[in-house]
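Chains G and D supply the protein sequences, listed in that same order. Letter by letter, the first sequence follows residues 1 to 112 in my numbering. Letter by letter, the second sequence follows residues 1 to 114 in my numbering.
Quick caveat, the hints were computed from the structure, so don't treat them as lab data. Heads up, some of the hints might be wrong.
Said to hold, decoys possible - Only pairs whose alpha carbons sit at most 30 Å apart, straight line, appear in this in silico DSSO-like list of lysine-lysine:
| id | chain 1 | residue 1 | chain 2 | residue 2 |
| --- | --- | --- | --- | --- |
| 1 | D | K53 | G | K107 |
| 2 | D | K70 | G | K5 |
| 3 | D | K18 | D | K71 |
| 4 | G | K5 | D | K71 |
| 5 | G | K42 | G | K5 |
| 6 | G | K71 | G | K58 |
| 7 | D | K71 | G | K57 |
| 8 | D | K55 | D | K3 |
| 9 | G | K111 | D | K13 |
| 10 | D | K3 | G | K71 |
| 11 | G | K58 | G | K107 |
| 12 | G | K15 | D | K18 |
| 13 | G | K42 | D | K70 |
| 14 | G | K58 | G | K42 |
| 15 | G | K107 | D | K13 |
| 16 | G | K68 | G | K57 |
| 17 | G | K68 | G | K107 |
| 18 | G | K71 | D | K13 |
| 19 | D | K57 | D | K13 |
| 20 | G | K15 | D | K55 |
| 21 | G | K42 | G | K15 |
| 22 | D | K71 | G | K42 |
| 23 | G | K58 | D | K70 |
| 24 | D | K18 | D | K53 |
| 25 | D | K57 | G | K107 |
| 26 | D | K3 | D | K18 |
| 27 | G | K58 | G | K15 |
| 28 | D | K71 | D | K55 |
| 29 | D | K70 | G | K68 |
| 30 | D | K3 | G | K58 |
| 31 | G | K68 | G | K5 |
No experiment lies behind these values; they were computed from the predicted model shown.
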Amino acid sequence: QQQVKQSPQSLIVQKGGISIINCAYENTAFDYFPWYQQFPGKGPALLIAIRPDVSEKKEGRFTISFNKSAKQFSLHIMDSQPGDSATYFCAASTNSNYQLIWGAGTKLIIKP
Amino acid sequence: DVKVTQSSRYLVKRTGEKVFLECVQDMDHENMFWYRQDPGLGLRLIYFSYDVKMKEKGDIPEGYSVSREKKERFSLILESASTNQTSMYLCASSLPSGSSNEQFFGPGTRLTVL
Numbered sequence: 001q002q003q004v005k006q007s008p009q010s011l012i013v014q015k016g017g018i019s020i021i022n023c024a025y026e027n028t029a030f031d032y033f034p035w036y037q038q039f040p041g042k043g044p045a046l047l048i049a050i051r052p053d054v055s056e057k058k059e060g061r062f063t064i065s066f067n068k069s070a071k072q073f074s075l076h077i078m079d080s081q082p083g084d085s086a087t088y089f090c091a092a093s094t095n096s097n098y099q100l101i102w103g104a105g106t107k108l109i110i111k112p
Numbered sequence: 001d002v003k004v005t006q007s008s009r010y011l012v013k014r015t016g017e018k019v020f021l022e023c024v025q026d027m028d029h030e031n032m033f034w035y036r037q038d039p040g041l042g043l044r045l046i047y048f049s050y051d052v053k054m055k056e057k058g059d060i061p062e063g064y065s066v067s068r069e070k071k072e073r074f075s076l077i078l079e080s081a082s083t084n085q086t087s088m089y090l091c092a093s094s095l096p097s098g099s100s101n102e103q104f105f106g107p108g109t110r111l112t113v114l
């Protein structure tokens with residue numbers, strides 16, 4: 001029940017296209033859903049996060065869509081650029097617990 | 001800017017050696033974490049600490065120990081390194097729960113055990 005399942009494991013998108021990465025969870029107590037971005041040779045860094053009181057959060061070209069009833073959330077990258085090529089991790093936690101439960105990661109490649 | 005530094009970017013050790021990985025954060029964060037990252041497995045929590053001298057096991061603590069003698073420093077110890085501990089090790093820090101769950105990561109240490 002603590003798992004976060006992330007798909008796909010890898011993704012290739014043409015420059016300018018939309019990249020979509022999906023995550024599903026089981027624990028209904030989760031109330032914080034961040035996405036982290038990791039470039040080669042670097043640690044992950046927070047990209048965008050959402051709490052379940054909203055169904056969507058947008059920051060620039062990055063959008064989280066959240067479906068509470070389906071227990072799913074997804075990251076959409078609009079107008080994908082080669083500089084977006086990285087590994088993306090979804091995660092989940094409860095407000096009372098500082099531990100994050102991590103998805104397995106998606107390696108995204110944007111082809112020029 | 002929050003800064004989390006790790007003592008080595010790359011480390012090569014022999015089987016059976018005792019290995020120390022050091023992590024220092026400069027933001028006065030209470031929580032510190034050690035993860036290992038392997039392809040297809042994501043980030044797996046080894047140990048975390050929510051205060052000086054306090055530690056709790058994560059999902060994969062076997063073969064590892066930790067030390068937190070000062071708030072800013074969290075060390076991961078491999079008592080007797082084995083080849084299956086070859087991995088990328090990531091340290092992170094965060095504020096206490098209830099404030100922000102954002103974790104700030106160091107650049108990682110790629111450990112190879114021969």
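Consistency of the hints with the structure:
For the proposed pair D:K53 and G:K107, the alpha carbon gap of about 37 Å is over 30 Å, so the pair is violated. Only pairs whose Cα atoms come within 30 Å are accepted, and D:K70 paired with G:K5 is rejected, the gap being roughly 36 Å. Distance restraint check for D:K18 and D:K71: the Cα-Cα separation of roughly 23 Å lies within the 30 Å cut-off, and the hinted pair is therefore satisfied. Using a Cα cut-off of 30 Å, the hinted pair G:K5 and D:K71 is violated, with the two alpha carbons roughly 33 Å apart.
Note on G:K42 and G:K5: the hinted pairing holds, with a Cα-Cα distance of about 23 Å set against a maximum of 30 Å. Using a Cα cut-off of 30 Å, the hinted pair G:K71 and G:K58 holds, with the two alpha carbons roughly 19 Å apart. Restraint check for D:K71 and G:K57: not satisfied, since their Cα atoms lie roughly 34 Å apart, outside the 30 Å limit. The suggested pairing of D:K55 with D:K3 holds, with an alpha-carbon distance near 22 Å, which does not exceed 30 Å.
Straight-line distance between C-alpha atoms of G:K111 and D:K13 comes to about 37 Å, which puts the hinted pair past the 30 Å bound. Simply put, D:K3 and G:K71 have alpha-carbon atoms about 34 Å apart, too far for the 30 Å limit, and the pair is violated. For the proposed pair G:K58 and G:K107, the alpha carbon gap of about 21 Å is at most 30 Å, so the pair holds. Restraint check: the Cα-Cα separation between G:K15 and D:K18 comes to about 47 Å, which exceeds 30 Å; the hinted pair is violated.
For the proposed pair G:K42 and D:K70, the alpha carbon gap of about 25 Å is at most 30 Å, so the pair holds. About 24 Å separates the Cα atoms of G:K58 and G:K42, which keeps this hinted pair within 30 Å; it holds. Pair hint G:K107 plus D:K13 holds up; C-alpha atoms about 29 Å apart against a cutoff of 30 Å. For the hint linking G:K68 to G:K57, the alpha-carbon distance of about 14 Å falls within 30 Å, and the restraint holds.
With a CA separation close to 25 Å, the supplied pair G:K68 and G:K107 stays within the 30 Å bound. Restraint check for G:K71 and D:K13: not satisfied, since their Cα atoms lie roughly 43 Å apart, outside the 30 Å limit. Proximity of D:K57 to D:K13 is assessed by CA-CA distance (about 24 Å); at most 30 Å being required, the pair is judged to hold. Between G:K15 and D:K55 the alpha-carbon distance is near 45 Å, which puts this suggested pair outside the 30 Å criterion.
Between G:K42 and G:K15, the direct Cα distance comes to roughly 23 Å. Compliance with the 30 Å bound is thereby established for this hinted pair. Proposed proximity of D:K71 and G:K42 is supported: the alpha carbons are some 23 Å apart, at most 30 Å. With a CA separation close to 39 Å, the supplied pair G:K58 and D:K70 exceeds the 30 Å bound. Proximity of D:K18 to D:K53 is assessed by CA-CA distance (about 21 Å); at most 30 Å being required, the pair is judged to hold.
Restraint check: the Cα-Cα separation between D:K57 and G:K107 comes to about 28 Å, which is no more than 30 Å; the hinted pair holds. A threshold of 30 Å between alpha carbons decides the hint, and for D:K3 with D:K18 the separation of about 27 Å falls inside it, so the pair holds. Annotation: proposed proximity of G:K58 to G:K15 holds, straight-line Cα distance about 20 Å (limit 30 Å). Restraint check for D:K71 and D:K55: the C-alpha separation of about 12 Å stays at or below 30 Å, so the hint holds.
Proposed proximity of D:K70 and G:K68 is contradicted: the alpha carbons are some 41 Å apart, above 30 Å. Of the supplied pair hints, the one linking D:K3 and G:K58 holds, its CA atoms being roughly 26 Å apart against a limit of 30 Å. For the hint linking G:K68 to G:K5, the alpha-carbon distance of about 15 Å falls within 30 Å, and the restraint holds.
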